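Okay, here's what each chain looks like letter by letter:
Protein chains: 2
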Amino acid sequence: MKKPLKSYLLAPGPTPVPPQALLAMAQPIVHHRSPQFKPILEEVKEDLQYVFQTKNDVLILASTGTGGMEGAVTNTLSSGDKAIVVRAGKFGERWAEICEAYGVEPINIDIEWGRCVTPEQIKAALEKHPEAKAVFIQAHETSTGVKFPLKEIGEIVKDKEGTILVVDAISAMGAMEIKTDAWHLDVVVAGSQKALMLPPGLAFVSLSEKAWRFVERSNLPKYYFNFAKERKSLAKNQTAFTAAVSLIIGLRETLRQIKEIGLENIIAHNQRLSEAVKAAVKAMGLKIFTKEGLSEVVTAVEAPHGIDAQEITKIMREDYGITIAGGQAQLKGKIFRISHMGYVDEHEIIMVIAALERTLIKLRYNLTPGVGLKVAQEILLKDK
Amino acid sequence: MKKPLKSYLLAPGPTPVPPQALLAMAQPIVHHRSPQFKPILEEVKEDLQYVFQTKNDVLILASTGTGGMEGAVTNTLSSGDKAIVVRAGKFGERWAEICEAYGVEPINIDIEWGRCVTPEQIKAALEKHPEAKAVFIQAHETSTGVKFPLKEIGEIVKDKEGTILVVDAISAMGAMEIKTDAWHLDVVVAGSQKALMLPPGLAFVSLSEKAWRFVERSNLPKYYFNFAKERKSLAKNQTAFTAAVSLIIGLRETLRQIKEIGLENIIAHNQRLSEAVKAAVKAMGLKIFTKEGLSEVVTAVEAPHGIDAQEITKIMREDYGITIAGGQAQLKGKIFRISHMGYVDEHEIIMVIAALERTLIKLRYNLTPGVGLKVAQEILLKDK
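In the order they appear, the protein sequences are chains C and Z. The first sequence begins at 84 in our numbering and counts up one residue at a time. The second sequence begins at 84 in our numbering and counts up one residue at a time.
Calculated from the structure, these hints are not laboratory results. Because the structure is a prediction, the values reported are computed rather than measured. Ideal Cβ positions, reconstructed from N, Cα and C, are used throughout, including at glycine. All the given hints hold, so there is nothing to weed out.
From the derived model, a few chain C residues whose C-beta atoms are all more than 12 Å from chain Z:
1) 97
2) 115
3) 117
4) 121
5) 133
6) 136
7) 190
8) 239
9) 245
10) 305
11) 317
12) 325
Computed cross-link-like contacts, DSS-like style, restricted to lysine-lysine with a CA-CA straight-line distance of at most 30 Å:
13) C:305 to C:121
14) C:397 to Z:465
15) Z:138 to Z:165
16) C:262 to Z:89
17) C:465 to Z:397
18) C:457 to Z:445
19) C:89 to Z:86
20) C:342 to Z:445
21) Z:365 to C:465
22) C:89 to Z:465
Far from chain C, by Cβ distances over 12 Å, these chain Z residues were calculated:
23) 138
24) 165
25) 188
26) 207
27) 245
28) 307
29) 317
30) 368
Required output: the full structure, derived from the provided sequences and hints.
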């Protein structure tokens, strides 16, 4: 039967954009060198520091997060450098791929997908390779739902004068606790289309003073992603190249909303939604794929025996209008992932659990309707 | 705790507007006498006939539904006329009030709120008052959730040359089955902000040939709501006064969507949502207020003993961002009403049931979380 079908986004990015930001972005274009634009850039510059919890500059690049990752490599390292890379999923692999593309030798710490790297493993790798110029890691591995112990790793790297800690926080920034300065995170990369609630198209990079010293010495080829140039422009409330003005105007709106609600409240909100989803899928007899270090930003769930996870995501999308994510690379067909960050509320969490129950029943999974919902309701009732 | 709060509208109007219609209405204004506007009016004119299931003209007025109701009185009756009015709720009372304001004498059939008028009562009233020029009724009484037997009443009135049947279908048109021509409904009034999925601001009125003969003889004072003048303008794809151009451009979009899904599918969709809500609230131990003739457009529910319905609607709105309706007039504080028409999907129905469960538990109503949801899930699983 044909019926009205609305669209819901519960994949780990792009995430829904608040209507106020959509309206802000629909305004006529202003010029990126105009006097109207400078105060906008000045405002978002400060608000990004609030979200990043840093006193350092946060560069704004017109690219997606991967551009920020590439820049983090090409602006801090030199050809022939070695770097420790935590490879615990799809995005850990990306760090290694970028290093290789630019002649940096990755020393990979390979972690079974779904498991977490320990601070001891980082320490051991640094002892074995004291010449490593950087440690590349994610705040959490979006592909597996594992959150890494950034604070502890920061404690290890901070005293090594010759090594920086470079964090891909693309799907984590604004969603989970990331204390850039207090945790000694030298380079932190974020993206617009995740917890910052914007369309894709902006990357953000913060660099510590230690990291800026690396920038001075870096000899890797770069042109568009030139952090020194961006830093100089940012001091004049500009960007080095054309600014993505509409996205930045939208960013001003979403950052205002984040400040208005308060970062700590948003993080608590995400944790609450994450708890509800994780408890609900367990009550439904499903297994969380993530073995340790459960991220509160995304829940990775194993498809039940005999059911392809792609069938689940297909029914969710086609019959229910809900986009959740499947598994990536070797996890394709094996897991599906539900995000609970950004502009997502508790009602959408109830909705996705309800639709997941109905989807699994359609796929002949043995389930009493409502068992997941009951548990989710109980958790949401703990609301202060 | 502060948290992101989205807004959901599940009151019986205004209802949510599809984003495609919002975008259409955001376009630059066109002039209402311009060549660009005429094909738009021509298209909506035809599509309104599809929704009304009529071959008659459907007039488009720049007013809310009540303006259409006033016009239905002032354009068909004359001073001193008598008219039978079914008063079974707030909107039945409105017909009587308009009649009185214009010197028409209402012969009220007073029905206990929550109960339905029978065709026999109409028949008896007409036998007692054969001079009555009109029978005024609702398609369903939004204030009580009662659906009236329009088809049967149409059979009774159709053979009375001196009496027309005038139907307020403001919150019913496009949501439930209303066969204007086949059921001999002489005047039918609808509004934009209900199942037609637009902001408030447009009323629609269809008149049968029999009704147009009444218009010729009517002597009540009128200027803005002049149906004869509107009919003449409509023949030229215009409106008599300035057309509410943006709303009509939005209407073109929502009518296209209705045609694309199919009126019969939309009605079946609403019935399914209504069934889920009614079963869920019963499973929660609540009582449906409506005693007979259950409308599929709105569910009226009695607040549990000791709980003011206004507390329920307040928590739903303030804590959960969900607007449902309270009771009107003597039902204030006693009932609340959930709408399931227009741009509302099954996920929002799950969401409203979940939020209602949590609201009632917050108000110390004895309820096991999930009991309503379980039953709603079972009904939604019957999806073809």
